[in-house]
Amino acid sequence: MTAPVSEPLPQQLPNPLPRPEGELERLEDVWRTPRGWRFLSSVNNTSIGLLYIGTALLFFVLAGILGLLIRTQLAVPDNAFLSAGTYNQVFTMHGTVMMFLFAIPVVEAIAVYLLPNMLGARDLPFPRLSAYAYWAYAIGGLAFFCTLFAGLAPDGGWFMYPPLTGTKYSPGLNADFWLLGIGFIEISAIAGAIELIIGILFTRAPGMTLGRMPVYAWAMLVVAVMIVFAFPAVIAGTALLELERAFDMPFFIAERGGDPLLWQHLFWFFGHPEVYIIFLPAAGMVSTMIPTIAGTPLVARRAVIAALVGVGVFSFGLWAHHMFTAGLGVLEMSFVSAASMAVAVPTAIQVFAWICTLWKGSVQRGAPTLFLLGFMFIFVLGGLTGVMVAVIPFDWQVHDTYFIVAHLHYVLIGGMVFPVFAAMYYWIPLINGNRLSETWARWVFWLMFGGFNLSFFPMHITGLLGMPRRVYTYAPDLGWNGLNLLSSVGAFVFAAGVALFAVDAVRTLRRDERRVGNPWNASTLEWLTSEDYGNRSIPRVTATNPLWDQPTLAREVEEGAHYLPQTATGRRETIATSPVGARPTYLLVLPGDGWLPLVAAAGTAGFFLLLTMKLSWLAWTCGLAAIAATIGWLWQSDRAVPQTEAEVASGLTLPVGATGTASHSWWATIIMLVVDASIFASFAFAYLHISMRLQVCPPPGSTLPPLALAWLSAGLLAAGSVLVWLATRSLGRRRLPWLVLAALACAVASFGVDLHGLRAADLAPDASAWAAAVAALAGYQGLHIVLLAILAPYLALRAWRGHLGARSRATLDNIALVWHYTTLQGIAWLSAVRLVPLLMD
Amino acid sequence: MTTANHASEHFFRRLLRGILPLLVWLLHFAFCYGLAATQCTPAAMRAGGPDRTLLGAATVLALLACAWLAWRARGVPARRDAGLLEWAGFLFAVLSLVAVCWNAVPVLLVAGCA
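Chain order of the listed sequences is A and B.
Residue 1 is where the first sequence starts when you use this note's numbering, and the numbers rise one by one after that.
Residue 842 is where the second sequence starts when you use this note's numbering, and the numbers rise one by one after that.
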């Protein structure tokens, strides 16, 4: 990371020119995107990225329409446009769709589309995983939205606080749709995050060290890591609330030992970092666009990157500032208040760096500039009101009023929607070479900017005058009438700007394709000429601003003079590079297009949604279809190609594929297990939180399972892991599958012992929150045993069919990782259940 | 032939060195919040509220750690060849020092659980 920001250009290019005849045609054949309805089987990041962005924008429009319904209802007092019940569904869906189906997906979608080209890779490392994540989100999200038309949409607010969302006060299916629908869409977001981390760390162009990596890639790396640690909390929370609703396990019911605040902790441990998960990608885009429009490198670039990391870490100490009126201890609240102010410092570093860059450079006046200036104005105001609400007594005054509605819209629309619009004006030329209209852009901007401030600024005042959030109407004599009418007019003006943009975007995208070029004279690699296969050759990067500091790079890359101008194995490939120095390490062979990710995603979405509707048989059919499609997809992967080495440049021969810790799939499995461990930690936190509310633990009437059974269970798990370890050292031997199956027997027996222990202790999950929390930990371990019961026969089958070998052992190594993790988790849950009562004694 | 050699890059060691000050803040924050929350729950309620002596000691330790990390990196702004890692280490040390200082204010001013 201490490499100089630029180095002298090497005299010799990686590959000689001219390139052999037929080389480009073979590359095109391998990467050609299917046409017609087969386009849906495409997994290339460009196709998936565009579909992903389009779907996210569709949800932005749909949720925006819901916002207009809200503003129509509130335009005048005592309005009967929407009934109270419908209004509850409308505002819940507005928040939920905006946050979960627009804001998070759109930032991941833009990254899926942009990052490979910006990093000089041909594609992301797991294209089928991207396709799966997209289709799961699109199918599940659209079905979830349609619940609104059946009156089944959730109505408990976008953060779904119990006890309102428990069965007592929300007896219908509405809340279940939120819990199961959103829960699995989160899984799709996590899949995207794993893809991005591995893509950023392992597939950068040779020479693009971490120090030279674009700020946007840094922002996405920080965000993806944040997703890995933040999203598990809400997945665990939704699982617990759904378990309460479906099986009467009283995690959040105070009179049975539960605690509604447990939900708030879990939700906001996700929910606050999520604000930054949405904002940081936008900040990364801003840091990419501003140097271009100012025509000068980003001022204090290293400080900006450090600030991104700082915001990411600080954001995990802020969750409880959403709970200042929930009755937390005054000291805890003060710590969170201090952290909420501390996070303003790294954010300010970025804002000042942007201002300085604009000041230093010569600013191009165009649509992106307008939206970036609009972003800064609105976001800074939102940030300032954020510091105001971090002051506890002020928050007590304005909590749950329209002041908060104003604040969050200033932060989210200012901090994210305006930069996304700037990004669309800036990057849309990448699609077909055409720019959006500058004349229309001025109209769009002023309608959106004016409409936004007209709509949301008055809300600060309505809030201070005492108007609470979520009321479906209000009396005419409260002094809120004029302000609400202004807000409603502003919302429609804002919507007119969005509609005008949509018309212009459709008009532009329908125009004939033109050569893209580099219309803004940008410095980043996505502006290199790109086709389905990405760049003609993978660039050698020697500078932080490659297109500025390496003036002949675009021509050389297009001529094929840089790395891998061909397909070395006759399949899709990219170059894997080392995480810090971006030194070429191996040739990463990528999978081609296929229907299985789409089938797996449709099955997953069907399983969750049909299960919610209590259509169990149909749901399980979908679930099994999803598992079958996933196994079918995995079955085709991890196959050694005949070639062991490939020449990617003159004098540079790389191994084809890698194994063990050198492999990108090994690291992806590790990250997946970190997510898994974070979900487990959330369940363990729930157990600790519920236990700490007791005077005596275990509570009267409950006992712990016998200690001997815990030892037996742990011993069986350890034995299983030893057998799997032996299996990893038995590659090519006949005993391998039998060792794995024996390990499975141990794991299943261990869980059988756990269940016997729970039965011996007479721990009924619906008896008390404490018993339910123990059952949740046990259940999560059980889920892993079920996973092992699928993986072990799969591994054995691969061994028997000859699909495990020295160069195709990723399946074995990765399943071994999952196995050892399950062992550790099993020992952890058995220990946690015993340790907490011991400590409380 | 070029071979994979991730180990020589010391990725995790460098990462840890860079973000060490932020980890100090995170540990300090988690300890303070955890202790205050624990000593105000029915299971471990402490008369008089959270133990401010213990909180104060942890805060002094964290401040010393951040100050030492900032002192160690004091030459970075003047160095023209300082890399991203050095800059990050310096900025994080200053940021963490500020954040721990702010965390110290409630320890000095606030007592009790209510």
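The hints are simulated quantities; they were obtained by calculation from the structure and are not laboratory data.
Glycine included, each C-beta is placed from N, C-alpha and C at the ideal position.
Worth double-checking, as some hints may not be accurate.
Pair by pair, the computed Cβ-Cβ distance ranges are [claimed, not checked]:
no. : chain 1 : residue 1 : chain 2 : residue 2 : range
1   : B       : 889       : A       : 373       : 20 to 28 Å
2   : A       : 142       : B       : 883       : 41 to 49 Å
3   : A       : 325       : B       : 883       : 17 to 25 Å
4   : B       : 897       : A       : 446       : 51 to 59 Å
5   : A       : 794       : B       : 883       : 34 to 42 Å
6   : A       : 443       : B       : 897       : 57 to 65 Å
7   : B       : 883       : A       : 400       : 21 to 29 Å
Not the full set, but computed from the structure, chain B residues with beta-carbon under 8 Å of chain A [said to hold, decoys possible]:
no. : residue
8   : 852
9   : 855
10  : 867
11  : 872
12  : 882
13  : 891
14  : 892
15  : 912
16  : 932
17  : 939
18  : 943
19  : 944
20  : 947
21  : 951
22  : 953
23  : 954
Tested hints:
1. B:889 - A:373: 20 to 28 Å: 53 Å, violated
2. A:142 - B:883: 41 to 49 Å: 46 Å, holds
3. A:325 - B:883: 17 to 25 Å: 21 Å, holds
4. B:897 - A:446: 51 to 59 Å: Holds, since residue 897 of chain B and residue 446 of chain A (Cβ atoms, about 54 Å apart) stay within the stated range.
5. A:794 - B:883: 34 to 42 Å: 48 Å, violated
6. A:443 - B:897: 57 to 65 Å: 59 Å, holds
7. B:883 - A:400: 21 to 29 Å: 27 Å, holds
8. 852: 5 Å, holds
9. 855: This hint holds: residue 855 of chain B lies near chain A, its Cβ roughly 6 Å from the closest one there, short of 8 Å.
10. 867: OK, holds: residue 867 of chain B within 8 Å of chain A, min 6 Å.
11. 872: 10 Å, violated
12. 882: 4 Å, holds
13. 891: Check passed: Cβ of residue 891 of chain B comes within 6 Å of chain A, closer than 8 Å.
14. 892: 11 Å, violated
15. 912: Constraint on residue 912 of chain B not satisfied, violated at 18 Å.
16. 932: Constraint on residue 932 of chain B satisfied, holds at 4 Å.
17. 939: 6 Å, holds
18. 943: Holds, because the Cβ-Cβ distance from residue 943 of chain B to chain A comes to roughly 4 Å (cut-off 8 Å).
19. 944: Check passed: Cβ of residue 944 of chain B comes within 5 Å of chain A, closer than 8 Å.
20. 947: 3 Å, holds
21. 951: Status holds, d = 5 Å.
22. 953: Holds, about 7 Å.
23. 954: 5 Å, holds
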